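So you can see what is in the structure, the chains are spelled out below.
Number of protein chains: 2
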Amino acid sequence: MAANGIGDEFDLIAKYFAPLAAGAPGALGLTDDAAMVDVPAGQRLVAAVDTVVAGIHFLGDDPPGDIARKIIRVNLSDLAAMGARPLGLLLALVLPRDVTGDWMERFAAGLKADIDEFHAPLIGGDTVAGGGPLTLTLTALGTVPANQVLTRAGALAGDAIYVTGTIGDGALGLGVAKGTLKGLDQAHQNYLLGRYRRPRPRLDFGVRLLGHAHAAIDVSDGLIADLGHICTCSGVGARLAAQAVPLSDAAQAALGLGEGKLADLLTGGDDYELLFTAPPEDDTALRAMASDLAVDVTRIGSITDGGGLEVEDGDGSESRIGKGGYRHFR
Amino acid sequence: MAANGIGDEFDLIAKYFAPLAAGAPGALGLTDDAAMVDVPAGQRLVAAVDTVVAGIHFLGDDPPGDIARKIIRVNLSDLAAMGARPLGLLLALVLPRDVTGDWMERFAAGLKADIDEFHAPLIGGDTVAGGGPLTLTLTALGTVPANQVLTRAGALAGDAIYVTGTIGDGALGLGVAKGTLKGLDQAHQNYLLGRYRRPRPRLDFGVRLLGHAHAAIDVSDGLIADLGHICTCSGVGARLAAQAVPLSDAAQAALGLGEGKLADLLTGGDDYELLFTAPPEDDTALRAMASDLAVDVTRIGSITDGGGLEVEDGDGSESRIGKGGYRHFR
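Respectively, the protein sequence lines represent chains A and B.
Numbered continuously in the numbering used here, the first sequence closes out at residue 348.
Numbered continuously in the numbering used here, the second sequence closes out at residue 348.
Just so you know, these hints were derived from the structure itself, not from any lab.
Quantities reported herein were computed from a predicted structural model and do not represent experimental measurements.
Just so you know, not all the hints are guaranteed correct.
You can't tell identical chains apart in this list, so a pair holds if it fits in one copy or across any two.
Cut-off 20 Å, straight-line C-alpha distance, at most; resulting in silico cross-link-like pairs (SDA-like, lysine to any residue) [stated by the list, open to error]: (1) 33 x 255; (2) 33 x 250; (3) 200 x 320; (4) 33 x 251; (5) 130 x 145; (6) 279 x 36; (7) 279 x 331; (8) 130 x 80; (9) 196 x 137; (10) 200 x 136.
Next comes chain A alone, as it looks inside the complex (with noise of 0.2 Å):
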């Protein structure tokens, strides 16, 4: 399993990826057959899987740093769906033959920020070297307490549809990583980079819903099609007000220039925030926790009785996103 340059498994291990572990003794320095963690007394383990191939999800050229970081913020912001706290990773890397240990050096440096900033130990992996094109599959770990449920099914008739954040930043940011959006000045490019390489889970919003929210889930396919996820898995429909849907100055801008449209913002995917719903009478309490973290929440819809996904767009024709965003769930 050598690869060229950077040695073999257990070279690897020892350089990259046991100081990973140093926060996690149940790790185990990640030399034993699996690592042990302790799941609190009153919680309940919580488990997420993503994997991402180069080419697919993300550019073979993308920053090594930002490659780590945002498989870990995706699989985190799933965690935080449920309103669960980090336990522990497990990584499972297929390099490609031509890595170099630089290449290493920056992945490693890019797993150890978010390790840190989330409190999120490296516990376990795998390394293979020389199978195709680079994959990833991290499984993030994580806890809930036992008493408490925030899936996608628990949406009723009459919540109040919310989501956090700004959407459209995700697909916008690829298309600067691209280079087929263009004509924005350097900040909102910028910006819009930071977005879709590194997105923010709200781990901490996501706790904070539970007791709150009836249903959530992240936005990653995109926020109609996530927001039909919610609608299939709870038995209800749903009444999407376009317009209210939060953009970013930066959004905003790419619009007004004529780069793309709301409705691709509302399809994209890749926005990583919580999209949820809750009983109106909750609104107060939401927007004070909500200013409490600083976290922009912005109510968008409504949970109807059935009927399907409408997507009110504001000039009256109804059903033009709506359609396209019925693909995967009706």
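Using the hints provided, position chain B relative to the given structure of chain A.
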């Protein structure tokens, strides 16, 4: 992410994977962001991850059901080496573009057979189509009593060294699969192929080792290398009696025909037997446990207080195998 002929990711989950999660309500039908699992009070979580890639760890035209079963068994073997019982599995798949519905069905049938046999429900996963060679990453979660620890690190000078089952069948079975091992009768070939493709994780015996064994590992890198891992992690040496290492009838027949040498079997790996150390006074108890479970256990050496790993091969050339096995751990 649609793959030719097998539908998109949502179709794949509904058709092939959701039925495998039927035994685990916390898997949420594999439709949510993450799975929820209860770790029973007094138990500690154990987590292991393994990635296998077509062309490296298995042959692309291996039976799909056996590919599925082997990665499950290899991971459960990691749990067995820590005395853990399975709790659930998360499977991430990168599928080649030309995967067929028939292949998927046979793959899923293999998963189901082992999920049922080992009581390890599928609780989560991810699927990517068209990203390179078939790549499987399995995360196995298990539990051990919180007051029990069995790792590679506890071996003490004076411990007896034991191994379950027989050694070398995995390496010989690979030869059968590749067509390089000929001359054996068909029954022996079938036996070795089965041992290579469907190794048996020693889960029940692993649980019974808690409180008896000082250190354990499953034999994946090869008996010599894995004994070396125990020595390194425990800070001890070992003296291994090569002639005492148990061989199957098929392996003895292969050696008799001049198909490979004993040294190849001791370094070949892929055995997934348990290699463990225990104080000599536990010998009677260990043999009774083994008899209870119809597992063969053989004493093959002793832990020493230093001096590395010595291999006695019975004809005076003491260091010959040892030197070959030193590569990874000296």
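(message) Please sort residue 279 with residue 36 into within, between, both or neither, judging by C-alpha distance up to 20 Å.
(response) neither (46 Å within a copy, 36 Å between copies)
(request) Please work out whether the CA atoms of residue 33 and residue 255 approach to 20 Å or closer within one copy, between two copies, in both situations, or in neither? (result) neither (52 Å within a copy, 25 Å between copies)
(request) Have a look at residue 130 and residue 145 and pick one of within, between, both or neither, based on CA distance no larger than 20 Å. (result) So residue 130 and residue 145 pass the 20 Å test inside one copy only (17 Å; across, 27 Å).
(message) Treating 20 Å as the Cα threshold, decide for residue 196 and residue 137: within, between, both or neither.
(response) Answer is neither; intra-copy 32 Å and inter-copy 46 Å both fail.
(request) Have a look at residue 130 and residue 80 and pick one of within, between, both or neither, based on CA distance no larger than 20 Å. (result) Within. Shortest intra-copy distance 18 Å satisfies the 20 Å Cα cut-off; inter-copy 38 Å does not.
(message) Within, between, both or neither: how does the pair residue 33, residue 250 come out at a Cα-Cα threshold of 20 Å?
(response) between (46 Å within a copy, 17 Å between copies)
(request) Can you give me the call for residue 200 and residue 136, within, between, both or neither, at a CA distance of at most 20 Å? (result) neither (33 Å within a copy, 55 Å between copies)
(request) Using 20 Å as the alpha carbon limit, work out where residue 200 and residue 320 are close: within a copy, between copies, both or neither. (result) Result: close neither inside a copy nor across copies, 35 Å intra and 69 Å inter.
(request) With 20 Å as the alpha-carbon cut-off, assign the pair residue 33 and residue 251 to within, between, both or neither. (result) Classified as between; 17 Å across copies, 44 Å inside a copy.
(request) Can you give me the call for residue 279 and residue 331, within, between, both or neither, at a CA distance of at most 20 Å? (result) within (12 Å within a copy, 74 Å between copies)
Going through the hint list in order, the structure does not satisfy hints 1, 3, 6, 9, 10.
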